[in-house]
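Q: Residues per chain, in single letters:
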Amino acid sequence: MTARICVVDDDENVRNALEALFRSRRLRISTYDDPLRFLSIWKTSEMREVPTVILMDVRMPGASGLEIFREMKSYGLPDHNVVMFLSGHGDIPLAVEAIKEGASDFLEKPFAGNSLVDRVVHNASRAESVFDSSNHQHQLLALLSERELNVATMVSRGRTNRAIAEELNLSVRTVEVHRARVFEKLNVRNAVELQVFAQLLPAARST
Amino acid sequence: MLFGQETREPLGQGTKILPARQGWRLALPLAVTASIMAIAGVLLLASQAIERNRQEQRLIADALWAEQSLEFEAQRMLDSLLALARSTSKTREAASGGRLEDRSLLQRHPAVVSIYRWLPGKNSFEVAGEGGLSDRDAAGLREAAQRAERLRRPTAVEPPTGDDPKAAALLWLAIPSDLSEGGQIVIAVVSLDRLLQNAIPWWLAHSTSITLQDSAGSVLAERDPAVRGAGVYVRKIETPFLDQTLYLNANSAQGRPFLIPDLLALSVACLSALLAWTVYALWRDLGSRTRTEAALRAQQALQDAMETSLVTGLRACDLEGRVTHANPAFCDMLGYTLDDLKRMTPPMPYWIGPGGGVPSDESRHKPYESRFMRPDGRVVDVLMHEAPLLDGSGRQVGWMASIQDVSEQKQNAELMREQADRIQKMSRLMSMGEMASALAHELNQPLSAATSYISAGLNLIADPEDETSLDDATRYFGNARSQAERAGEIIKRVRQFVGHTTPTLTPVNLAVVVNDLLALIRLQSSEASGKVKTTLEDGLPPVLADQILLEQIILNLTKNAFEAMVHIEPARKEVRISCTRRDANEVMVAVSDRGEGLGADRDRILSSTFLTTKPGGLGMGLAVCRSALELLGSKLDYRTGAEGGAEFFFILRPVHLAAVERSPAPEASSLHRA
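Chains A and B, in that order, give the protein sequences. For the first sequence, position 162 (counting from the first letter as 1) is numbered 161 according to numbering that gives the first Met the number 0, and the numbering increases by one without interruption. For the second sequence, position 608 (counting from the first letter as 1) is numbered 607 according to numbering that gives the first Met the number 0, and the numbering increases by one without interruption.
Because the hints were derived from the structure by calculation, they are not lab data. Glycine residues also receive a C-beta, built at the ideal position from the N, C-alpha and C atoms. Some clues are possibly wrong.
Said to hold, decoys possible - Computed Cβ-Cβ distance ranges for the label pairs, DEER-style:
no.	chain 1	residue 1	chain 2	residue 2	range
1	B	I567	A	E107	24 to 34 Å
2	A	E107	B	T503	49 to 59 Å
3	B	K532	A	Y74	38 to 48 Å
4	A	E107	B	G598	20 to 30 Å
5	B	A461	A	V129	40 to 50 Å
Claimed, not checked - Covered stretches of chain B, going by a simulated chain A footprint (3 or more residues, C-beta under 8 Å):
no.	region
6	221-232
7	453-459
Unchecked claim - Derived list of chain A stretches under chain B, where covered just means 3 residues or more per stretch with a C-beta under 8 Å from a C-beta of chain B:
no.	region
8	22-30
9	112-118
10	132-144
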């Protein structure tokens, strides 16, 4: 498993215990005691570039887990960074809110040891697969010519062949050829499947 | 006495009667004085009139007498002159003898100044007596003689006066004798002054100015120029003198009679004036007295009214502490009448506390709180302010106190305190929830750590990585144990925080406690429809308990009961609190609900600390109740209620039994001391 695991908790005992637990499952984790320091590290390090699972306590001195999470989201939280919350009793409404806002998971304390690890591992593999698939798509998109990329972008935005032809000053026939080639290169069968790439496609450029 | 309450009478009565009574009082002496004055005046006037009359009469008598005397003298003189004239004519030859007669006549009648003889044939005068004869007089004399000769009877002629004032006092008498026998005419120059001198005696003249006047009113002669007539009593009497008419004028020197003729009248007048003045002074004095009295009455009335309407009690007492005066407010405050209060002697029956109600120097000027017992047994809280009562000379004769009824303020303070208590209870109730949350977080940390360590250890044992794995596992288990101990520590700390370290056991009236809590219990119910029913047996004996702990137990049980009925339709929700006597030694307090009861989990719930049938509950309430009841020497018990819900109950001991049981135990006595 390649995903990184970070634990943010102000309680040293909990951090140490979790470290021991993950070690017993042959997993390495990095721990952070200060939520704000973690935030600044997350912003500057390569953590955002690789699949990462972040385990965060909801109630911490300085800033609550939810506040840090919002901060991360507004900064730009990639899909392969998964945030999990640890919560004691009474924080449940807070945790529910966090889930609504897009946190991946929420664990109530006290947690049963191995089930926590299992959940983390599960989320880690999910992060990895998200990361991998987006990597694979990048590789596929690299195969497209510039004209094909343009056409793909426009198709993904729902333009008809005729509209694309008019905009790019091409014949409808030519557009159809490009379109077929894009579908073939990206290994999709129709415009709906092309939507997987939609986020990766650059903004439409007029030539 | 001090405030003149003896004279206190309805205000209107006194002032209305006053003018009439006073009018009589004034009018009578005034009338008497006036009549005395009037009578005295009338009498004086009358006596003056009488006096005047008398004087007048006297003057008239005097004047008549004087006139008669004058006439008589004049007649005598005339007779002498006639005799002279006759004798002269008879003895015509004895001229010298005639002159002798002249002289004797002049001697007998001093009024005759001189005698002339007119001889009609010779047409010349012969003079006897003093004085020469001026030409003018001679002409006058001749005329008079010729007139007498012509008329042949004595004639009186006024000498031509001219500028000579002396001449006015003279009168010429021409007396003809028998002319046919060649007689002569005797002319006598008569001085009217002298005539008056002779005719009017001194005793008459000294008090009356007597003058002779001619018809024109000019004074010809005066008896005594030194006597001046006052002009009050005047009498003019016609006095014919031959063919001349003279007027005798008597003018008394006596002035107008005095109004106050003598000492008696004077003293009467003075005395009545004095009387009048006295009455006036009295009247004035009475007037000012009346005004002062009215002002005083008004002042008194105002003072009385002020005193009566005053809410603050006023009390005056003498140095021995006997009440000498008190205003109605004070009497109302105490529930005694003023007469009752005055009869009391220290120690006062209403006084609660030391001193018996006798003020001392310590109480001076310093307000202090005291309590009064009314005859009906009610106790009044008062604030007293004592001050020494001084008489006019500044000597202390007693004590004056203002007394304020502060019972209401005290009650208000009591209410406020109760309110504060209630709020405190509320906050205690509220803080339970918060504390539970904090406690959960605190406990979750070590528990999480412990489970993690244990899982890690188990993982290592199940799947050892290398030789060190077992050592690691052992270490992890050790860590887990210390984390568990940490959790225990926290619980211990919380318990210290929650529970009273030492309960204060006092006799507690359960009915009062439950009734006091009802408002709070109703607050616990989330819906307004949540009903609370109480069954409080009559005549419950007081139980020995810590009131605060007991309240907390009941509140927790009711809270628990409401929470157990969350899923029940609102109309059915009902919490029942009952306090009943099981037997002589046991009073049972039970709280039941209409929830689902504990069911199969019963034993587990009752023995465990943090377990609950409620989704949101912590199970804290029951734990608190249990530990609190342990402190009270009781225990929490459970049974299924009559209506299927849960019923929690505990047993408390009545005071007398608890005291008997507990008194030998040393810790019990220490509890009491605490």
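Q: Would you say the C-beta atoms of B:A461 and A:V129 sit inside 40 to 50 Å of each other?
A: 31 Å Cβ-Cβ, so the 40 to 50 Å window is violated.
Q: Taking the CB of B:I567 and the CB of A:E107, does the distance hold inside 24 to 34 Å?
A: holds (28 Å)
Q: Under a C-beta cut-off of less than 8 Å, do 3 or more residues of the region 132-144 of chain A approach chain B closely enough to confirm the stated coverage?
A: As far as the region 132-144 of chain A goes, the hint is violated, because 0 residues have Cβ atoms under 8 Å from chain B.
Q: For the region 112-118 of chain A, do at least 3 residues have a Cβ located nearer than 8 Å to some Cβ of chain B?
A: Contact hint for the region 112-118 of chain A vs chain B: holds, 4 residues under 8 Å.
Q: Holds or violated: 20 to 30 Å for the Cβ distance of A:E107 and B:G598?
A: holds (25 Å)
Q: Taking 8 Å as the C-beta cutoff, is the stated coverage of the region 221-232 of chain B by chain A satisfied by three or more residues?
A: violated (count 0)
Q: That 49 to 59 Å hint for A:E107 and B:T503 (C-beta), does it hold up?
A: Violated - the Cβ-Cβ distance for A:E107 and B:T503, about 41 Å, lies outside 49 to 59 Å.
Q: Within the assertion that chain B covers the region 22-30 of chain A, do at least three residues meet a Cβ-to-Cβ distance smaller than 8 Å?
A: holds (count 4)
Q: Please check whether the region 453-459 of chain B has three or more residues whose CB lies within less than 8 Å of a CB on chain A.
A: holds (count 7)
Q: Given a hint of 38 to 48 Å, does the C-beta separation of B:K532 and A:Y74 actually sit inside it?
A: Given range 38 to 48 Å: violated, Cβ gap about 59 Å.
Going down the numbered hints, you'll see the structure goes against 2, 3, 5, 6 and 10, while the others check out.
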